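Peer 1: In order, the protein sequence lines correspond to chains A and B.
The opening position of the first sequence corresponds to residue 1 in this note's numbering, with each subsequent residue numbered one higher.
The opening position of the second sequence corresponds to residue 1 in this note's numbering, with each subsequent residue numbered one higher.
Because the hints were derived from the structure by calculation, they are not lab data.
It is possible that some hints are incorrect.
[Claimed, not checked] In silico lysine to aspartate or glutamate, EDC-like type, Cα no more than 20 Å apart, as pairs: (1) B:K26 with A:E344; (2) A:K50 with A:D75; (3) B:K37 with A:E336; (4) A:K16 with A:D34; (5) B:K43 with A:D340; (6) B:K47 with A:E139; (7) B:K50 with B:D8; (8) A:K78 with B:E78; (9) B:K47 with A:E13; (10) B:K47 with A:E366; (11) B:K34 with A:D340; (12) A:K50 with A:D34; (13) A:K288 with A:D244; (14) B:K34 with A:E270; (15) B:K26 with A:E345; (16) B:K77 with A:D329; (17) B:K34 with A:E344; (18) B:K25 with A:E13; (19) A:K347 with B:E78; (20) B:K25 with B:E38; (21) B:K34 with A:E137; (22) B:K43 with A:E344; (23) A:K180 with A:D329; (24) B:K37 with A:E344; (25) B:K34 with A:E336; (26) B:K50 with A:D75; (27) B:K77 with A:E137; (28) A:K347 with B:D31; (29) A:K347 with A:D329; (30) B:K50 with A:D333; (31) B:K50 with A:E344; (32) B:K47 with A:E326; (33) A:K263 with A:D212; (34) A:K291 with A:D248; (35) B:K37 with A:E345; (36) B:K47 with A:D191; (37) B:K50 with A:D340; (38) B:K37 with A:D340.
Everything numeric in this text was worked out from a predicted model, so none of it was measured.
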Amino acid sequence: MADQLPNTPMLDELEKGKWPSFVKEIKTAAASNDMSKDLLGILEKSYSEKIGHWKHGGIVGVLGYGGGVIGRYCDVPKEFPGVSHFHTMRVNMPAAWFYTSDALRTIADIWEKHGSGLTNMHGSTGDIILLGTTTDELEPTFQELAQEGFDIGGSGSDLRTPSCCNGMARCEWACYDTMKACYDLTMHFQDELHRPAFPYKYKFKFAGCPNDCVASIARADMSFIGVWRDEIQIDQEKVKEHIDKGVDIVNDVILRCPGQCMKWDGKKLEIEDEYCRHCMHCINVLNKGLKPGKDRGCMILIGSKAPIVEGAQLSSVLVPFMKMEEPYDELKDLVERIWDIWCEEGKARERVGEFIQRVGLGNFLEAIEVEPLPEMIAHPRENPYVFYEEYYEEGDDDDEEEEEE
Amino acid sequence: MADKLTVDEVADQMYKMVADSQGQKKLKPGDLTKAMKEINGDKVDRKLCKDAIRSLIESGRCVYTYFGGSYIELPHKEGASND
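Build out the structure end to end from the sequences listed, making use of the hints.
Peer 2: This is the structure:
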């Protein structure tokens, strides 16, 4: 059992201040756990030497799965034997991160029994991250988690654990049931989640409205953002209440509208919905005065990623509107068409956004059998060397040459 | 249309590929699938290849590894592992 904590003057600095400190939490765990004690030691060593002492990747996992476990070893095992193996497990979180306290205690108990007891709730993927265990403990941990109804999540070149905002569970603006869609697609694509078969990672994120609380537009290869296609619902009385309470409707709402589609004559708010960009700003400011329309579904965007092989990208529109109704067949079919072409033609470590850039949006759309639409581009084309097939037929070149002669 | 190969036949072909390239080139599941299609043409499809990979992994003949991406290799002692 852990006795004296290592001397950690640099880490101690991170305990100062009002905010929560991971150092404080590791020290608490270190009182009863050698793994956490050596974690403090190796972190202090890394901070003072400015060198990372972790080796990452390799062969570790649970039987039958290719994802969900991230192998980690330290390169100074004699000095810090407690963290000689320090593998991470990703556990698939419940949709929108709703737990009972019993469920949380169950996870904590399993992890204290088999690992360091340290968790990260939650990682940037959204998973429950269980930090630090040995190779021998991976399978028993997995089996116990499975008995309690938990499964491990995605990692490596597979479908990463899908995540969603809390949608209709708590939010009046949700344009579709994000939790239901997230759960349904997670269950449908279990094979892709556990058995890496892609050129690189692929992420789904489900946001109920364009506020995009899960930041899907920046973080998911495929974002499903709730949207409406009819008129914004207006309650003029509630709008007036906001104004009576001091909202400056002209400066705070009308002039900030990116579509410039709103008019206020001092008594009545009018919206030209065909110019609405669905940015949600007016709905956010005039809460209850304005609501998303009634004909709701989702917009599908594709391609965002953080910078690794190439620079960061935001997603762009692939399908401007799709009804999100069970069993989501249209959506699943689209996903599989994308995976077919990406798996066939994608290079190793090439995200789907990079793949689209390489082959060109036109070729990609043709391969997945989606018609090009104006919503897919940010602004009219600037490149004059683009030819549309309907205006450019075989033989045109010869005709032009003949005319020149 | 050509008769499809069985899952075991495809798994054996994949296993040989993995074994032959062990220590020289790491193969991704996609590399194996593409190679099977190239060798066997209509006798295999993506679903059959997926089943063959699953059979290789679940039988323990091959394992998934991660080195900046996911690969399929023969089981071996983990190089980075500390005894």
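Peer 1: Mind checking the alpha carbons of K77 of chain B and D329 of chain A for me, to see if they're no more than 20 Å apart?
Peer 2: violated (43 Å)
Peer 1: CA of K50 of chain B to CA of D8 of chain B, is that 20 Å or under?
Peer 2: holds (12 Å)
Peer 1: Holds or violated: are the alpha carbons of K26 of chain B and E345 of chain A at most 20 Å from each other?
Peer 2: holds (18 Å)
Peer 1: Below or equal to 20 Å on CA atoms is what counts here, so check K25 of chain B against E38 of chain B.
Peer 2: Roughly 19 Å separates the two Cα atoms, so the pair holds.
Peer 1: K34 of chain B and E137 of chain A: Cα distance at most 20 Å?
Peer 2: Answer violated: K34 of chain B to E137 of chain A is near 36 Å, above 20 Å.
Peer 1: Between K37 of chain B and E345 of chain A, does the CA-CA distance stay at or below 20 Å?
Peer 2: holds (14 Å)
Peer 1: Would you check the hint for K37 of chain B and E344 of chain A, treating anything up to 20 Å between C-alpha atoms as holding?
Peer 2: holds (11 Å)
Peer 1: Under the criterion that the straight-line Cα-Cα distance not exceed 20 Å, is the pair K180 of chain A, D329 of chain A satisfied?
Peer 2: Holds, at about 14 Å.
Peer 1: Between the alpha carbons of K16 of chain A and D34 of chain A, is the straight-line distance 20 Å or under?
Peer 2: violated (24 Å)
Peer 1: Given the hint that K26 of chain B pairs with E344 of chain A, test it: the Cα-Cα distance must not exceed 20 Å.
Peer 2: Since the Cα atoms of K26 of chain B and E344 of chain A sit roughly 18 Å apart, the hinted pair holds (cutoff 20 Å).
Peer 1: Would you check the hint for K47 of chain B and E139 of chain A, treating anything up to 20 Å between C-alpha atoms as holding?
Peer 2: violated (28 Å)
Peer 1: Hint check: K347 of chain A vs D31 of chain B, CA-CA at most 20 Å. Holds or violated?
Peer 2: Answer holds: K347 of chain A to D31 of chain B is near 10 Å, not above 20 Å.
Of the numbered hints given earlier, the model fails hints 4, 6, 9, 10, 12, 14, 16, 18, 19, 21, 26, 29, 32 and 33; all others are met.
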